[in-house]
Amino acid sequence: SQTIHQWPATLVQPVGSPLSLECTVEGTSNPNLYWYRQAAGRGLQLLFYSIGIDQISSEVPQNLSASRPQDRQFILSSKKLLLSDSGFYLCAWSYDQNNEQFFGPGTRLTVL
Amino acid sequence: DAKTTQPPSMDCAEGRAANLPCNHSTISGNEYVYWYRQIHSQGPQYIIHGLKNNETNEMASLIITEDRKSSTLILPHATLRDTAVYYCIVRPSPLTSGSRLTFGEGTQLTVNP
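Protein sequences appear in the order of chains A and B.
All residue numbers for the first sequence refer to this note's numbering, where the first residue is 1 and numbers rise by one.
All residue numbers for the second sequence refer to this note's numbering, where the first residue is 1001 and numbers rise by one.
Hints are computed from structural coordinates only; laboratory data are not their basis.
Bear in mind the structure is a predicted one, so any value in this text is a computation, not a measurement.
In this text, a Cβ means the ideal position worked out from N, Cα and C, and glycines have one as well.
There could be a bad hint or two in this list.
As the list claims (entries may be wrong) - With a cut-off of at most 20 Å between alpha-carbon atoms, the simulated EDC-like pairs for lysine to aspartate or glutamate come out as follows:
1. A/Lys79 x A/Asp54
2. B/Lys1003 x A/Glu100
3. A/Lys80 x A/Glu22
4. B/Lys1052 x B/Asp1067
5. B/Lys1069 x B/Glu1105
6. B/Lys1003 x A/Glu59
7. B/Lys1003 x B/Glu1031
8. B/Lys1003 x B/Asp1082
9. B/Lys1052 x A/Glu22
Unchecked claim - Label-pair ranges, simulated between beta-carbon atoms:
10. A/Gln45 x B/Ala1017: 40 to 46 Å
11. B/Lys1003 x A/Ser29: 32 to 38 Å
12. A/Ala39 x B/Pro1113: 27 to 33 Å
Starting from the given sequences, assemble the full structure and let the hints guide the process.
And the structure:
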C-alpha cells in the first residue's frame, strides 16, 4: 500500500531563518506531488506541484521554493522565513493528474 | 476554474443523514465534482467524486443535479467522527494545469450526540 510521510510534525522558527520541509511517498512510482499551505481558519492553497524529478510548477509567487531531487521525495524550502509563512503545510500525491490526491499528516509551522 | 459555494457551517444529529450542499453553477461539461474532508489538524481525505451520474461508495453518496449546477454529499448515518470541514471542489479540466484542487472555505459539519 502507498503511504506518505511528512516531517517534522511541528516546527517553530524565528523570522529570517531558513526552512526545509520534507515529504516522501512509499509504495508507488512516478507520483504527482503537491505542496499546499493552509493559513489558520482558511482553505488550502496550492503552492507547488510536480509531475516528475526536477519538474516543478509554482502556483503563486512567494517566499518559498520546492525541489524534487528523487522520484518520491518533495522538499519545500525557504532561505529567510517571514511571519506570513506561518501555517499548516500539506504534501499530497496522486497517481496522475486525473486521479484523486492523498494527503500527508502535515507540518504546522509557526514563525515568530 | 469553476467556483463553488458552500454554507460555512451545518449541524447534524448523530445517526441521522447529513446532507451537504454545493453550488457550482459555472461548471464546465468535462469538469468533475470532488469532495474531500479535513478533520481538525489532519490532512484532507478524499471522499468521492462524480461527473454526471450519482455515485456511492463506502463513505458517502454524491447526488449531482441534471444540469450539474449543484450537488449534495450525503453521509447516510453520521457519527461523531464525521465532524470535519467538507470541501466541494470542481477539478480544472485542462491537462496542462495539472491536477489542481482549488480548496475553498468548505462547510464545517458538526455532528452532535
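Tell me, in ascending order, the numbers of any earlier hints that this structure violates. Violated: hints 8, 9 and 10.
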